[in-house]
Amino acid sequence: MDTTAPAPTPAPPPPPAPPTDAQQRRAARAATRPGDRVFLGLSRGSGILLLVIMAAIAAFLTYRASLVLAKNDGNFFTTFEWNTNLNPPDFGIAVLAYGTVVSSIVAMVIAVPVAVGIALFTTHYAPRKLGGLIGYVIDLLAAVPSIVYGLWGALVLVPHMNGLFGWLDHWFGWTGILDWQGGAPRSLLTVGVLLAIMILPIVTNVSREVFRQVPQMHEEAALALGATRWEVIRMSVLPFGRSGVISASMLGLGRALGETMAVATVLSPTFEIHASLLDPGGGTFAQNIASKFGEATDQGRDALIASGLVLFVITLLVNGAARAIIARRKEYSGADA
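Position 230 of the sequence shown, counting from 1, maps to 230 under the numbering used here, and the rest follow consecutively.
The calculated SDA-like cross-link candidates involving lysine to any residue, where the alpha carbons are at most 20 Å apart (straight line), are:
#1 Lys-71 - Gly-308
#2 Lys-71 - Leu-86
#3 Lys-71 - Glu-81
#4 Lys-292 - Phe-80
#5 Lys-292 - Asn-87
#6 Lys-71 - Phe-60
Beta-carbon label-pair distances, calculated as ranges:
#7 Arg-33 - Thr-297: 55 to 63 Å
#8 Gly-176 - Asn-83: 26 to 34 Å
#9 Arg-212 - Pro-88: 51 to 59 Å
#10 Leu-164 - Asp-139: 25 to 33 Å
No wet-lab data here; the hints were simulated from the structure.
The C-beta atom is built at its ideal place from N, Cα and C for all residues, glycine as well.
My request is simple: use the sequences and hints to build the entire structure.
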């Protein structure tokens, strides 16, 4: 019979000692210093100013939109026309919503896998110098102005899309979505490809930082168990960084939804919905505002502002969702939000 006494339970750590009178006095003096008071006031003022600016923008958009929506003869969300010079006006955002969503989805489908692949290569496969060089090039892509992307898309990308459109029509034209009837390839698919190039640096940089935060012990434990490099990535890196990649994708989506000049330079705007992604024409919220605002009447500008209000709300929701995902990931990993 074993008569060994059980090991004593270790005593819990003592609670932290309360601050002494001297520490409390030093903290009180620090809080009353002029520099601290000025810094605290500036910090609070900056935060309040940001909220005031956002509220002012929302109030302005809502007020101007309400002026024209009250007399709109069509359904704002389902009408396929944009006749703002009539009295009463007859306009809607169905075509703009379709073009914005479709081009953004095309961009995400292309950009996210490529960005994740680049992030994995630079963090787990490439030598340090090569990974740093690739990261530098990605940062340069993020610094290119959107109008430069638009000029490159109109002068270089569009002429070279004819071959791709012909190939897609030959093999997948029977689907109807990729049916091409000829004409200049200034379509939503071309816009999606250009947007994919533009959001690639955002998704890549965020994903790369997330993959760098994978605990080294997780990877070493998987390698010690005989896992290959790909198995380590599949079982350790990707599960750890899944929420980070999703948040990076949401940030890229926010950029794609609001892109203006590049889309306006490449797309042939028509106020109609095409079943095929290869047919020229279509429109997006930002492109429609940029192309019509200068020549619009007061009523037409209010209509454009109403469409801008919808884009404003969508962008806020997308970025809010990205922030929520990041916060959940930090909470899960035990980091401070």
